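Those protein sequences? They're chains A and B, same order as listed. Read in my numbering, the first sequence has 182 at position 182, and its numbers run on one by one without any break. Read in my numbering, the second sequence has 167 at position 167, and its numbers run on one by one without any break.
These are calculated hints, taken from the structure and not from any lab test. Don't take every hint at face value.
[To be verified] Quick look at which bits of chain B chain A covers, simulated, 3 or more residues with Cβ under 8 Å: (1) 39-46; (2) 76-86; (3) 181-189.
Quantities reported herein were computed from a predicted structural model and do not represent experimental measurements. Each residue gets a CB set at the ideal place from its N, CA and C atoms; glycine is no exception.
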Amino acid sequence: MKRLFAALAAIVTAVVLVVPAGADTPSESIAISPVDQHISAGVGETKTGTVTVINDGQVGYDARVYAQPYSVKGEQYEPTFTGQNGRADADTWLSFDHTSLHLDAGKSAEVTYTLHIPSAPAPGGHYAVIFAETQPAAGASGSVVVRKRVGSLVYVTVTNGQLTREGRVDQTHIDGWQQTLPLTAWIRIENIGNTDFAATTTMTVRDVFGSVKYQADRTVNILPATIRRVDMPWDKAPWFGLVSVKIHATYLDQNYDYQQLVLIAPLWSLVLLVFIVLLLVWWAVYAGTRRAKR
Amino acid sequence: MRKYTGKSIRLGAAAVAIIAALCSPIAASAATTSTNTTINATISSTISMTTSTTVAVGVTPTASGAMSSAFDNVQVTTNSNNGYVLSFADADATTTLVSGANSISADAGTQASPSTTLTNNAWGYRVDGVGGFGAGPTTAETNIASSAFKWAGVPASASPNTLKTTATTALNDQTKVWYGVKVDTTKPSGTYSDTVTYTAVTNS
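Can you build the whole structure from these sequences, using the hints too?
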């Protein structure tokens, strides 16, 4: 009997210990589609579109749909959704057919938005984000109550007036000696116009025989009066080798290329190489001296 | 050798003609109705986020202070080739945990410069490998005198902290957000709570 109690106690203890420390409430999930959209319209014009809000989780919830300004901070393009400044003002032009909805698990809802361009905006790009946000259930309590929101970025181009689409490559960077992985290269592209444009960057890595070892491309939006740095890492690069890295950028109607020979080698491997070379030199000198003495 | 008469030749020719007539429409229709169809599938871009609805952190305080922690698993999925940006902030400008008239203040540490340990009567968050939090891995702490990890106060809604930036498609990409609370016996018992908002948008 004692053994039985001991076994039961051991099982209970084990169960208590393996209970994860994470939240013990059911997970909920919210999705939005599309993730971004581009709209061109003239002054006074009205356009409509839709976003789909999806509950792809296992519990139902109430959700809210609303718009906020969208701008970016720094060359890493950290998104900002507060403060209507400059061109981050298109949220005030958006209205929705409904802003509150209930989504049962596995269900989705289409929300129609109307974009009305006011009478006197500056020509060019104006930006906003449409958020779908879960609302905590009534009476939800706990140390931390969680809301989550997913956004659909809205890029509006006001076509009246002077539209300037102009950009340039500000800087390209590839270190000739890279000691740690991933192998990295980056390019900074500046938008000097008044509306956004898309830039496609491609990194191609070739070995010394010219064979392509890695290639990746990425298309990003560059907002007016900003510089965007596009990082292109190769996570699975070899830890030692000599390769040629080429960055190709295409934006508006321009092409740009930059190429650099890169040695991938940790510092210790070079120290070891130098040591071996010195050892070989010493051995050659020593052997030569001995031969001369004989 | 057998000799074929004119009649048998005619019969044979008729039979061949009938068979040819039966077969010919099939061949003709196969030849004249052949067309190519192009199938276009347009796949919309989408981004989704999964988290728990609440995170419960239970603390049994002592006179000198005790702390506990628990995590929320934030999972993001997107088919956008540009990846996503995940950020996080309090739902409003008040960053304290509140229970009626009582409150627990947000830790003074920041994401870039977190506190080396939670101070008494404060709460905070940490994410392994982000800002100055250190690599971790963080483990759950329950009613201990002092945390082994660094913590930062949850930022107000106007100044969110970025938790992760990716540059490719993601499938249930996880970010563990840890919450820690440290209190002493001067704090009245009760459920202290606050609301946080996670935000995920495409990195296009």
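Verdict on chain A covering the segment 76-86 of chain B, where coverage means 3 or more residues with a C-beta closer than 8 Å
Check passed, 6 qualifying residues.
Cβ contact check, 8 Å cutoff: the segment 181-189 of chain B against chain A, three residues minimum:
Answer violated; 1 residues pass the 8 Å Cβ test.
Test coverage of the segment 39-46 of chain B by chain A using CB-CB distances below 8 Å; three residues minimum.
holds (count 3)
Checked against the numbered hints given earlier, this structure breaks only hint 3.
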